[in-house]
Amino acid sequence: MEVTFGGFQIAVLAAFLFVALSLVAIFAVVARQARRNVEFAEVTDTGYRLRRYWFAFLCVLLGSGVVLSLFFLPYPDNAKSGATVNVSGGLFYWSMSPDTFKAGSDVTFDVTSSDVNHGLGVYDPDGVLVGSVQAMPGYQNQLDLTLDEPGTYMLACLEYCGYKHHEMMREFEVTP
Amino acid sequence: MNEMAAAEVLHPLGEQLSPRSSKPQNLVGWLFGGTGLALFALMALVGLVMRLIQAETIDITSVWFYRLMTLHAAGMLAGALLSMMGGLWFVVRAVVPELNFGRVIASWASIIAGVVLVLVAVLIGGFAAGWTFLYPLPFDSSGQWSTWAAVTFIIGMGLVGVGFLIYCIDVLRATTQTYGGLTGALAIKWLRGKDPTGPPPQVIAATAVSLQGIICSAVGMTIVMALLDHTVDGDVMLDALWAKNLTYFFGHTIANLIIYLAAGMIYVLVPLYAGRQWKLSKPLAIGWLFTICFVMTAYSHHLYMDFVQPGAPQMISLVASSAAALPVAVVTIYTGMMLIWGSRFRWTLTSILLYLGFAGWAIGGAGAVLDSLIPINFKFHNTLWVPAHFHNYLMMGVGLWMMAMVSYLLERAAGRTASRRTTIWAPALMVAGGYGFIFCWYVSGALGIPRRWAVHPIGTEGYSLVASIFVVIFLAGFTMLLIEFASLARTALARRRTATAEVPLQTEAPAHPEPAPGAPEPMLRSPFGIGVTVGLAVIASFVLLPPISDASIATIGFHHLAHGVQFFLAAMLAVALASTPSIARRMTPRWTNFGLAIVVLIPAAMLLFMVPAIYSEIDNDNFLHASYHFGVLLLGFITGLGASMLGRVAGWAVLVSSIGMALMFAAGVTGG
Chain A
15 MEVTFGGFQI
25 AVLAAFLFVA
35 LSLVAIFAVV
45 ARQARRNVEF
55 AEVTDTGYRL
65 RRYWFAFLCV
75 LLGSGVVLSL
85 FFLPYPDNAK
95 SGATVNVSGG
105 LFYWSMSPDT
115 FKAGSDVTFD
125 VTSSDVNHGL
135 GVYDPDGVLV
145 GSVQAMPGYQ
155 NQLDLTLDEP
165 GTYMLACLEY
175 CGYKHHEMMR
185 EFEVTP
Chain B
819 MNEMAAAEVL
829 HPLGEQLSPR
839 SSKPQNLVGW
849 LFGGTGLALF
859 ALMALVGLVM
869 RLIQAETIDI
879 TSVWFYRLMT
889 LHAAGMLAGA
899 LLSMMGGLWF
909 VVRAVVPELN
919 FGRVIASWAS
929 IIAGVVLVLV
939 AVLIGGFAAG
949 WTFLYPLPFD
959 SSGQWSTWAA
969 VTFIIGMGLV
979 GVGFLIYCID
989 VLRATTQTYG
999 GLTGALAIKW
1009 LRGKDPTGPP
1019 PQVIAATAVS
1029 LQGIICSAVG
1039 MTIVMALLDH
1049 TVDGDVMLDA
1059 LWAKNLTYFF
1069 GHTIANLIIY
1079 LAAGMIYVLV
1089 PLYAGRQWKL
1099 SKPLAIGWLF
1109 TICFVMTAYS
1119 HHLYMDFVQP
1129 GAPQMISLVA
1139 SSAAALPVAV
1149 VTIYTGMMLI
1159 WGSRFRWTLT
1169 SILLYLGFAG
1179 WAIGGAGAVL
1189 DSLIPINFKF
1199 HNTLWVPAHF
1209 HNYLMMGVGL
1219 WMMAMVSYLL
1229 ERAAGRTASR
1239 RTTIWAPALM
1249 VAGGYGFIFC
1259 WYVSGALGIP
1269 RRWAVHPIGT
1279 EGYSLVASIF
1289 VVIFLAGFTM
1299 LLIEFASLAR
1309 TALARRRTAT
1319 AEVPLQTEAP
1329 AHPEPAPGAP
1339 EPMLRSPFGI
1349 GVTVGLAVIA
1359 SFVLLPPISD
1369 ASIATIGFHH
1379 LAHGVQFFLA
1389 AMLAVALAST
1399 PSIARRMTPR
1409 WTNFGLAIVV
1419 LIPAAMLLFM
1429 VPAIYSEIDN
1439 DNFLHASYHF
1449 GVLLLGFITG
1459 LGASMLGRVA
1469 GWAVLVSSIG
1479 MALMFAAGVT
1489 GG
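Residue numbers (the numbering used here), protein chains in the order written: chain A, 15 to 190; chain B, 819 to 1490.
What the hints contain is simulated information worked out from the structure, not anything from laboratory work. Careful, some of the hints might be misleading.
Result set (SDA-like, lysine to any residue): computed pairs, CA atoms no more than 20 Å apart in a straight line [as the list claims (entries may be wrong)]: (1) Lys1100(B) x Trp68(A); (2) Lys178(A) x Thr950(B); (3) Lys178(A) x Ser880(B); (4) Lys178(A) x Lys841(B); (5) Lys178(A) x Glu874(B); (6) Lys841(B) x Thr1316(B); (7) Lys178(A) x Thr1316(B).
Quick caveat, the model's predicted, so the values are computed rather than measured.
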């Protein structure tokens, strides 16, 4: 299996790096100021005032993340009427039927497991992870995906399941 | 420590903030800190081997990779847990002398016994189902390990949970007894103006963590006992979603609580180098109350990709996982930075490690919050982003604090700081190596490389190779640190030999202004409370009426629910009985160990007792059937009595958790 960066993943990585570097800068500034001799009352006067803004800023930032998430939930939409694909994970294989689709089709993966827990990761022909869902014994998890790009897709196991976990893969085709 | 030594290792004003130490504190500090750090060192080497396997630099089979993966995670968890349990105990004992030395040692022994069983299960039995032992994998090994190995591992992890449970019960008992109950120890009374001084911050942290730890351990014990029931009776089937919920509630919460244990220690150690006290404040007290709520409800983000998980826990987790960052960022880390700012901070090896730990917690927390957003998790779930963020805050946060704790004890005992070379180079190498290693994982996660793969996708081995080089750099810094620790230990021993006569060891820590009461408070304090409890027991006794009893055999779940209600009713009667003045006054502290043993063993025994293979055989014999139910009642009654020996808060916490164990068991054990 080959993997590559997706645009979404790069955006998340960039966001993380921005936050991480900002934090590094803050810690560096505090470390630099640590050797100075400032009255604690002076520090707290400014510190407590700034803390209110810091609290408000974090509430807005974290709250925005939560609210935005609600608009992009990956959970199945019962109104969708795509083809249903039965997928079952087993030690150490994926069975699926059907396994050929037209590009642009909406597909609902109806996923279960015949033995232990597995995780269905779907990689597009470029090797970008486009989504995942768990495969659990006794349960049917439904994953809606639109298969836009023609080519060979790959299913890989994303939940540790035993000594050949990394070999549990299967290809399927999306035709133009 | 004498003042001359203090002036050398601490801020000039730090000595007066230094926790007064006693012999038990020192012993616990050395024992927990030392074993924790030893486990950290061993498991770090195992981690390096795993990365080298993924880099295809060394040729070891994937079978062994997964064994090492299981060992690495379980060992690191136990090591970090031990260290931070010891660190918090050390600082809290200074203000809560009620904390019992024997019980904390019992807790240590249980965790070490658990680690030994894990080692046996993995290295001899070949167990490799991951430290989360997600059902049904431990029993479906594809021929790689036997049932005995699975059972040994599960019991081992159970003992780790038992050790943490013993610790939490004693901490909760002691802090609430010393600081006026749960509302006193969590500073709720202080917030409401009913307590003029309030507890110190480390006591709030200890109380909050121990309360959560009891709940978390009870959940862990339930899944462990259910798995053992499955071993005893192969017909016992567990619901896979239920098992996953319990496993992740236990696993996520216990791992998360390690950081909060550390926070309590930080409240005391950072001021020693800043010369400013970490005081109780409204944001701190309120922050901890919210932390309890958020930590207890965040675990479901591990189940985001289980689309059949009900929507409510998913949404609660979405909010809680982000909101949990607020008390950390706005209260704990922010206050720490204010204490340090302009304080003429005393930079030593210890204080540098403490400071860097804050950064690890903050940066790793950012990675965690991103992954806790469902649309992001959809494309990052179980990729290498996950170990990236938790190594970020565990290795570069808690890991550095584990070292800081031992460094503090050593610098303090030696009366000198570490050498300038080590003070600069050891942290520098560990930061360069640690963040380089973790950054490779963040990038690999964005690439979509799955976690827990022995062999990585084609063309990505280079990331593992670069990461391995960074791990070696980290270990070089860590080795330098260990060599310095040996040097400090030699100085400390020499100093002890020459100065014992001059520096008498303080034998006991000072008590809280209000002397701790000798006997635990009864679980029910008024005749009204006793009446209500008896009333609840009477209502619950309806479960014994033949129509209800007969109906309960319709399904295994209902049958187990009936057992749970029987346990509940007997426990309530025992609590009411033990709260009557004539019995309550006999519940002296000498019964505490007995009560603790009861509440740890009996609820677990009850779940083992609920194997259908045992009771289905006797269903047709009225006498044996009645005896069985009498046995369940007896176990409930004994548990109620045991809880009463622990005082009001700890008693109710363990009793409610025990009843919860029975109810959870009824909800998830579906076969038999």
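Comparing the hints with the structure gives:
| no. | hint | in the structure |
| --- | --- | --- |
| 1 | Lys1100(B) x Trp68(A) | holds (17 Å) |
| 2 | Lys178(A) x Thr950(B) | holds (18 Å) |
| 3 | Lys178(A) x Ser880(B) | holds (8 Å) |
| 4 | Lys178(A) x Lys841(B) | violated (51 Å) |
| 5 | Lys178(A) x Glu874(B) | holds (16 Å) |
| 6 | Lys841(B) x Thr1316(B) | holds (18 Å) |
| 7 | Lys178(A) x Thr1316(B) | violated (60 Å) |
Going down the numbered hints, you'll see the structure goes against 4 and 7, while the others check out.
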